Structures are given as structure tokens and as C-alpha cells.
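A.B. asks: Take a look at the letters that make up each chain.
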Amino acid sequence: MSLSIGKLKTKLMRDYYKYFSKYSKGEKPERKVAWVSSFAPVEILESLDVLYYYPESYAAVIAASGKEQEMFEESNRNFLSLDCCSYSCCIEGSILQMNGPRGELPAPDILIATNNQCNTLPGWWNVLAQKYHVPLIILDYPGEIENEKMAYEYVLVQHYNLISVLQKLTGNMLDVTLLNEIIDYSEKSVSAWKKVISYLVSKEIKPTLLFDDINYLITARCKSETSELYNMMCEEFFEKEDVNDERIPVFWVGYPLWYHPQRYLEEELAEFRVVGSNYITWWNLNYQGEDVFERLYNAYNFTFLNLSQKTRNIRLRECIKYTGAACAIVLHNKSCKCDFVSARDLDIPQAEIDMDMIDRNYMDIKKAQKQIQLLKEML
Amino acid sequence: MKLLSLSGFVPEQIYDTVRFTGYQGERNIQHYCGYANDFISQVLNDKSLDGAVFPKSCDSSRIIPSYLDGTNKFFYQFLVPSHNSEDAVRFFAKQIEDYKHAIERKIGEEIDDIEERIHIINKRNKAVSEAYMELEECSYKMYLEMIHANLNKPLREQTIEILSCGKTYETRKRIFLVGSFLHYTEVADVLEKNGLKIVGDNLPESGRLRRMFTDETGGNIYETIADSILSHKLSPTQNNFEKIIQTDLKEIETKKVDAVVFATQNYCEAYDFLYVPYRKELEKRGIPSVKISFTNHGGANNLSLIVEAFAESV
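If you're matching them up, the sequences are chains A and B in order.
For what it's worth, the numbering used here labels the leading residue of the first sequence as 1, then goes sequentially.
For what it's worth, the numbering used here labels the leading residue of the second sequence as 1, then goes sequentially.
Just so you know, these hints were derived from the structure itself, not from any lab.
Every value quoted in this text rests on a predicted model; they were computed, and no experiment measured them.
Hints should not be assumed to be uniformly reliable.
As the list claims (entries may be wrong) - Taking lysine-lysine and the BS3-like style, the derived pairs with C-alpha atoms no more than 27 Å apart in a straight line are:
1) B:Lys284 with B:Lys243
2) B:Lys73 with B:Lys100
3) B:Lys280 with A:Lys67
4) B:Lys106 with A:Lys149
5) B:Lys126 with B:Lys73
6) B:Lys94 with A:Lys310
7) B:Lys141 with B:Lys47
8) B:Lys100 with A:Lys149
9) A:Lys131 with B:Lys284
10) A:Lys149 with B:Lys94
11) B:Lys173 with B:Lys2
12) B:Lys173 with B:Lys197
13) A:Lys310 with A:Lys194
14) B:Lys250 with A:Lys168
15) B:Lys73 with B:Lys153
16) A:Lys131 with B:Lys73
17) B:Lys73 with A:Lys310
18) A:Lys223 with A:Lys206
19) B:Lys56 with A:Lys310
Work the whole structure out from these sequences, hints included.
C.D. replies: See the structure below:
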């Protein structure tokens, strides 16, 4: 018998956080543990039976639980500059405090970061490597370059190397057929998620739900239950009444505010309806390809933040056009320089707001209100 | 063609560029690393420049094309590998070759003096290395400014002199200077005026020049250049904090350094991250350290006060 949406979500979360509280009590996982960045090719890890955790994702959870400020203070006391990405400061603080809302991240046996979202992560991962004295692998994804053959070969060798290191670490051998199946799961998750987010335009759905539920695509995209969950959500959304009101359709460009109960400025946007967000499309990875390596290359080399400004502009405009948004809330994230420039040359009126995705003290709310007011007047 | 370059990852062996050291004109961008912002502003505003060359090695440099895309100027971005494997060297080498062709297309001439340029660079770097060995006897500020002045000139016009200032620094506290490109050279002056003698550094402009030697004995010339750029002086963006710290500690111990000063640009995450494990290693050895961050476009807040307090505590 299939599980309900609620039970599926609980199961996926329970599976992911199973070892956090156990680890806090001194129990280590039996399997090898990797800490990975958000756009790491986790399908390889899944097929080699490695447990993987996302520190960035946990930083968002810490902020949602209201504890990020104490983590910042702790990391700053230990000389990590608060100018650095707030995810890194938050996790550094939680490691030092050995405390978090769901327990501790089980210590890693290996650290794997990628530069297909930013160049901050490799630096942060170096700090972690110095702390844990475990192997560090930085996967270098060139993104869009003229000589694509060269980029493909370069990435291919790195994926081979990753497999080789993980095989040695776990004692397991890679089964390419299994890897292909796992990539299929990821592809299905992406496909189902695309349908889920498409309903934001026409149905009465709070963006909060999607900002929260993309978490399954991030942390569990290659699990079979994830596409199952998203397909069930689609069925539920399909049954909802179509939206029919006078609110202004607005596009949310940038990160959710993880510390905010609604993940966006709901209280300031009463006259608006959020019809889209680029953040919820970032993990819509393209797993097409002739073999597993081409599929992984296509998925991870061409992540949104690894694309040229020109391509990003095109993608973002298409995304906005699809939603029919009349305006945009553009967030300039102190912690994400790469996303900072995502919203250049949009063709619709916009309110630009300086923020941080987990530091609730960073945003000047009065300034933000003024920007939103100006946007309303402009419309 | 006059090109402005950012970072030592840009291969001088191919073509003359003016190394960016600082900008005093109107600024276009208000956010993030002031050094990168100033670079972008100069490229956009300086009509004498035909273009720019820069790496993709940190977040600030990564997004430079987003600002230059609309200009008609030539620009080339090097994707600096995040590791130092043979494949990474080959990958970087192919870009160097591609860069050469891009310039040839732009200037309409063939570049045929790479070997000669390598020879000149090796000779210059040897001279920088010799000047560095004389740091005990000379002003560090003069040493650094001499390097900056040279990086602004075409390769064949560069001259390195050993600048003995004839002063005796024996009674001073011995300092090792760590950090990103130090365009604000007054820092060195403030340190020395407070009785802190800089006897060594790992700044990119100094470290890379004095350590980088390109093999002149043959092989694939682009791979040789790539290898020399990637391996002789590591940047924190190359993901080997361990090696950077160990290399520096060796010099710090050999030179009997009393304290370490970290001088970095605001929002320079690579060095901000490096500081955490670096400081821990220094603490283990009982060596005090201080971090000075520069605000955009120049000075550091309370620089004199910070340095004075630190000098007293050493």
C-alpha cells in the first residue's frame, strides 16, 4: 500500500536525519559518511552505498529553528569572518557547539565539494578538511566553454577519480547498471518536481511549501520515493481550484529566507501573489546522455549558477515569462555572489532587496518595505 | 593591444598585460571584494584599455564577465583548475593555447616570442628571488612597490634591483606577511613604523614571481607554462590549504619569525577561510597573529591602532 504524502515526507526526512541524534549520543553510522555540497554527483555515492549529508541544507534547518545567530557568534569567536558565506559560519558554529536542532552532522570520512555553484564552497571545504583530517575532493566543472570536448574529458577523469577514491574508501565496486538506475531515479524526481512547481502559476499554493519541499530534490533526488512523493503532490495540486483574484503576480528571484516562518516576505506582499521563483528550478538538472558519464556531465556541468550570464539571462526571462509575472522581487544575497548577478537585465519592474538567506539580522526591513512600496507605485 | 590583467594566473609568457594594482576613478559596483570591483570599474571606464584578462578562481573573479559582457572590449577568463593533477595542467595548458590564438586573432599578428619571453621571465624572477633574500636589509614597502611598478610595464622594460636601504633592523620584531595582492602598500609602512620588520611573505605578487620558473628545456610549451603557474606558488583558491600552511610554516620557523600579519581585502573569502586553520597552526607554535582587512578601494579601518596594539603584544 502506498504511503500518504505526509508519511512519505516523514520517511524521507527520517531516513536522512536518522544518524544526527544518534551521532550526538556517540553512535557512529556503520556506512562511510561523505559531506557534500548541493550540486555534487550524489548518484555515484548512492551507488557505492555511501551516506551523504549536505551541510548547507543543515544550515538552513538551523536558521529555521532560530539558532543561526548563536552559531555565527561561535564561529566568529573562532576567527571565521562573518563576511564569509553564512552557511559556512553557521555550520562552523554548530560543529564547535556540537549542537543543532536535529543533533549533529555525523563526522565525515570524506569531503566532496563542487565549484558548479560557487567558488566559496571549495574554500569552506578546505577549512573542514583541516578540521577533520579526511580526504578532500573538489570537483571542477568548467561550465559553458567553447571547447566542450575538453570540458567533458576533464570532468570525466574527475568522475573516474571520485569513483576510484570511494571504491577504496568503502571497499565496494561500482555497478554501472545500478548507477544508471539511480540516475533514472534522479531524472524522474526532476521531472515530477517540474510538474509540481508548474502549479504555482495557476493554483492557490503558498511558495513556502515549494521552498520547503525542494529539500527532497536536494537531499534525496536519487531515491525512488522522491518522484513518488512529487507525483502525489501533483495529483493533490491538480484537484485544487484555479486561482482567480486581483493580486499582482510577482516572481521571487533568489533564495528563500530560511529564517522566516514563510521563507519569504509574506507580510509585505499581501497585494502580491508569488507565481514563480528561480531557486525552485535550480535542481532541475538535465540527466540526458548516452551513458552514465555523459548523463552526470550534463547534469552537473550545466547547473544554473555555472552558466554564462547570457544563458542565465535567457533562462530567467523564459522562466518569468512562463509564470506571467508582472514584476519581480530581486534578492541580492550577501552570501551568494554568484546569484547576486542572476537578475541582470530583467524586462519587468523589480524591487531589489539586500538580504542573507539565513542571517535574519542582515536585511534592513524598512528599506525592503520602501522598495516594495516603490514597486507597487511603479505598477 | 593594452590589456589589464588580474592575478598571477594570467600567463605573462604569452603577451604583455598591465597588471592591475589599484584604481582611483569612478566605481561602478558597490558590492563585494573592492579589488575585483575596482578592476571591473577600470576596465569599463578606462578608454585606453582594449580589454582584460582574469581568472575564474574565486566568487568575485567568477562574476566579472557578468559585468563586462555588454562592453565591446576583448576579455578572456582563465578557468583555474581546483586541483593540481596532470589533467588539470593539461586543461589549463589548452586554455593558454586558446588564449594565445584569441589574442592573435585580435591583433592580427602571430605571437612567436613565447620562448624568449619565458627566458626573460625566468631571469626577472631570479632577480626577484634575490631581492627577496635581501629583505632583512631593505624596506619591504620598497620591495613590494618595485614589483608592482614592474608588473605595470611591458616585460622587456622590467628591471629588478636589490634595494638595500642601509638600515639595521636587528632590534625589531620579525614579521611574516600573508594575504591577497597588497595594492595598499602603506600597510607595510605602518607595520615597519611600529617596529615590525617584514622578513618574509606569501603575497601572490611576491611569492609567485620569486618561485615561478618555467622549464626551458623543451616539451609541450603550453603544458610547461601551465605547470609553472599552477605548481610553484599555491593560491588558497587551489584547494590545498595544508600545503600552503606547511610551506609558510617552514619559512616562518627558518626565519625565526615573531608574529604573522594577515592582510586581506574585505570579502576575500579565500583568505578569510585560510586564516582559520592557519591561525590554529600558529597558535600551536606559540606564534601570535593578527588579521587586517581592507575596506574597498584602499585603507583599513583603524589600521594604525590595530598595528600599534599588536606590535605591543608581540
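A.B. asks: Would you mind marking each hint as holding or not holding in the structure?
C.D. replies: Status of the hints after comparison with the structure:
{"no.": "1", "hint": "B:Lys284 with B:Lys243", "result": "holds, 17 Å"}
{"no.": "2", "hint": "B:Lys73 with B:Lys100", "result": "holds, 17 Å"}
{"no.": "3", "hint": "B:Lys280 with A:Lys67", "result": "holds, 26 Å"}
{"no.": "4", "hint": "B:Lys106 with A:Lys149", "result": "holds, 24 Å"}
{"no.": "5", "hint": "B:Lys126 with B:Lys73", "result": "violated, 34 Å"}
{"no.": "6", "hint": "B:Lys94 with A:Lys310", "result": "holds, 24 Å"}
{"no.": "7", "hint": "B:Lys141 with B:Lys47", "result": "violated, 30 Å"}
{"no.": "8", "hint": "B:Lys100 with A:Lys149", "result": "holds, 19 Å"}
{"no.": "9", "hint": "A:Lys131 with B:Lys284", "result": "holds, 14 Å"}
{"no.": "10", "hint": "A:Lys149 with B:Lys94", "result": "holds, 12 Å"}
{"no.": "11", "hint": "B:Lys173 with B:Lys2", "result": "violated, 42 Å"}
{"no.": "12", "hint": "B:Lys173 with B:Lys197", "result": "holds, 6 Å"}
{"no.": "13", "hint": "A:Lys310 with A:Lys194", "result": "holds, 23 Å"}
{"no.": "14", "hint": "B:Lys250 with A:Lys168", "result": "violated, 32 Å"}
{"no.": "15", "hint": "B:Lys73 with B:Lys153", "result": "holds, 21 Å"}
{"no.": "16", "hint": "A:Lys131 with B:Lys73", "result": "violated, 44 Å"}
{"no.": "17", "hint": "B:Lys73 with A:Lys310", "result": "holds, 16 Å"}
{"no.": "18", "hint": "A:Lys223 with A:Lys206", "result": "holds, 25 Å"}
{"no.": "19", "hint": "B:Lys56 with A:Lys310", "result": "holds, 17 Å"}
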